[in-house]
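Colleague: The chain contents come next:
2 protein chains.
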Amino acid sequence: MVNVEEALKILSDNGINLLSERLKVSAALEQVLAVDVVSPIDMPSFNQSAMDGYAFNFHPDQKSYNVVAEVAAGSANNPKLNKGEGARIFTGAMVPDDANIVVQQEWIDRVADVATITESVQIGRNIRLQGEQIKKGSIALEKGTLITPAAVGFLTGLGIAEIEVYQNPKIALITTGNELVKVGQDLKPGQIYESNSEMLAAVLSHYNFNDYSLDTVADNYDATRNMIRSAIDNSDVVILTGGISVGDYDFVGKALQEIAVSELFYKINQKPGKPIYVGKKEGTLIAGLPGNPAAALTCFYMYILPAMHQMIGKGFNGLEKIEIPLGENYTKKGSRAEFLKAKIVDGEAFVLGMQSSAMLRSFSVSQALVFIPSTTSSVAKNDLVTAYKLT
Amino acid sequence: MVNVEEALKILSDNGINLLSERLKVSAALEQVLAVDVVSPIDMPSFNQSAMDGYAFNFHPDQKSYNVVAEVAAGSANNPKLNKGEGARIFTGAMVPDDANIVVQQEWIDRVADVATITESVQIGRNIRLQGEQIKKGSIALEKGTLITPAAVGFLTGLGIAEIEVYQNPKIALITTGNELVKVGQDLKPGQIYESNSEMLAAVLSHYNFNDYSLDTVADNYDATRNMIRSAIDNSDVVILTGGISVGDYDFVGKALQEIAVSELFYKINQKPGKPIYVGKKEGTLIAGLPGNPAAALTCFYMYILPAMHQMIGKGFNGLEKIEIPLGENYTKKGSRAEFLKAKIVDGEAFVLGMQSSAMLRSFSVSQALVFIPSTTSSVAKNDLVTAYKLT
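Residue numbers (my numbering), protein chains in the order written: chain H, 806 to 1196; chain Y, 806 to 1196.
Simulated from the structure, these hints should not be mistaken for lab results. Some clues are possibly wrong.
One copy or two, either will do: identical chains are not told apart, so a pair holds if it fits within one copy or between any two.
No farther apart than 20 Å at their CA atoms in a straight line, the calculated lysine-lysine pairs in the PhoX-like style are these [unchecked claim]:
#, residue 1, residue 2
1, K1194, K1126
2, K1126, K975
3, K1126, K1148
4, K1148, K1119
5, K1138, K1186
6, K885, K993
7, K814, K1119
I would like the entire structure built from these sequences, with the hints used as guidance.
Modeller: Below is the structure:
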């Protein structure tokens, strides 16, 4: 058994790095650049008007200009402008080579073909110079950058169709337990509805891990071993729930041993989620989560999520960590560290009732997991605690 | 023209409420319950063992018991246990009616068929009583609850297959501008790559607004009006970019007038994003965003995102709002309010370069939008500012 801090260190020290893949820019949203992206063009690619107005062959001592042409956005028109001449121009349009200023139309008095500037202006005004945002051949975004909606827009604006990002992992979710039946069937005595697969699929989707398979295996040693072996061969991450404890029908541990998975740790001195197993084999991370759903979800958030983020270049980061005052006194019952489902009200955390590892009711309405280290036995109202934000 | 605070109030006061729809629980992730959900079962639905161990017909004065049966998880076995008898039992299994305790196996000394309790224990130990998490017919989750992964698990565990949530809006994204060409084509003089549609599609996906169409319309009045009219007829939200300013080729404003859209506001005293139009018609929200991409995205985050969240029961909430010290002195150039792309380093916000409304480069690497109100002309290093978190 390890403690929480040791488990986190072991996981972070044993990170698995996935390869990169080439994706359409829009498909790479939320992923991380695996190589620098170089701009294929100057941006803007021509001197561009920033306003609706007039482009002039401007001389500081001259206020009135003959309007001899028009340049709309998208037009290749590059009219010759002699001294004292100008062109009607619009936002985004190409500024004629002969123009050295764009004056917005609100500052122009136009009478027939003569435009008179009504304010004091300077050369260069309202012209976005070719290449001023980025020059062709320079680095647009560096390796390690998260592809946000803004980055999708920026790269698309540079004419880039595809980028190289860290691969999303292929995940196998396997639930065990003879007591489990699928929603839609009637419960017989002793049976419960299987919910871990839907819950873990939901949390994977929430974090954009969309490449997962779902399987259920009965409490049978050979079937369990064969399914895990095949999952390891075909996946980057194998997540099991249940079957990892000490009961006669818990076959996961024995199967992992026979398959020669290297154990990183088994059991963490925490509540909920003490019976968690994590191992590695040939570039695959294997997580044996507890069967109790609140324990399984806590373990996923605290250990598997950061390990998976590390795989895809996001660093060993899971839920957002904050420091927050506790709204009430809290006394721990045992010596294990605790992750407590909590509400946040007016900047204070309040521990909810129903903290059992079997119960998701409080988890469903909690906003944070409050962490009480194993070395802390009680926390007074207003003391700061570490919490991990859920929403 | 309105100021930022007025625009937010007008939007929040003019919220549109969408109808609800019945979805599979897993498909309702991130959506909001439109009605209370009542539990169809007791949970647990039987007295359930919380441990691997032994269930006894226990009497405080007796330490040793004959093991006469076994109950595995999922089994309907309910063995008769006389005084002084017990059954081997496993986590999740149904506790026999004749048993009043489960003792974990670590506290049992088993010799042949006799199990002796080695610690002091009390009646009721390790039994999860039928209905202790929730009783059949009581409210499992209230109207207004966000469906998180934990909620998906909780509802699935209750055997619930479908729930009633607020509908996600149907969105029409329309980009305007003759200067725009699609990635993959060569840029001719005066042309730029169209990136607003990819950027806005990405930000919609990021917030799970996945029901959108993408269209482009040329700078032509009839085409613009017809496309907007059809989009309003078929969508809950219409988002346009470009064509809303004062140029001769800006047809969006005129079209909205002819279609008799009710204007909520036009122009906000802010930078970037001054030329934004928001209106309503027959339950459809219409947003005319600026064509410059950084302005369009800022306006989406600050105004359209909270309005869309309000539609689906999440309240008028957009980016997470924080108070944070500024890392350097900042002086505003004009009188408009500003939303500034910023990095957050060690708990301080630093305003990035390249704040032009045409530039997404800084937006791509920024972590927050720092808000400088119109009434503030400068902020000193270490002064607290309001910021909206992007990542």
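Colleague: Now tell me, hint by hint, if it's right for this structure.
Modeller: These are the hints, each one checked on the structure:
For the identical chains of this complex, K1194 and K1126 are neighbours both inside a copy (6 Å) and across copies (15 Å), given an alpha-carbon limit of 20 Å. For a Cα distance limit of 20 Å, the shortest separation of K1126 from K975 qualifies neither inside one copy, at 27 Å, nor across copies, at 35 Å. Within a single copy, K1126 and K1148 get their C-alpha atoms as close as 15 Å, and across copies as close as 18 Å, so both meet the 20 Å cut-off. Taking identical chains as interchangeable, the C-alpha atoms of K1148 and K1119 lie at most 20 Å apart only when they sit on different chains, with a minimum of 17 Å there against 28 Å within one chain.
Within a single copy, K1138 and K1186 get their C-alpha atoms as close as 17 Å, which meets the 20 Å cut-off; across copies the closest is 46 Å, which misses it. Proximity of K885 and K993 under a CA criterion of 20 Å is satisfied inter-copy only: 19 Å between copies versus 87 Å inside one chain copy. For a Cα distance limit of 20 Å, the shortest separation of K814 from K1119 inside one copy, 16 Å, qualifies, whereas the shortest one across copies, 37 Å, does not.
Of the numbered hints given earlier, the model fails hint 2 alone.
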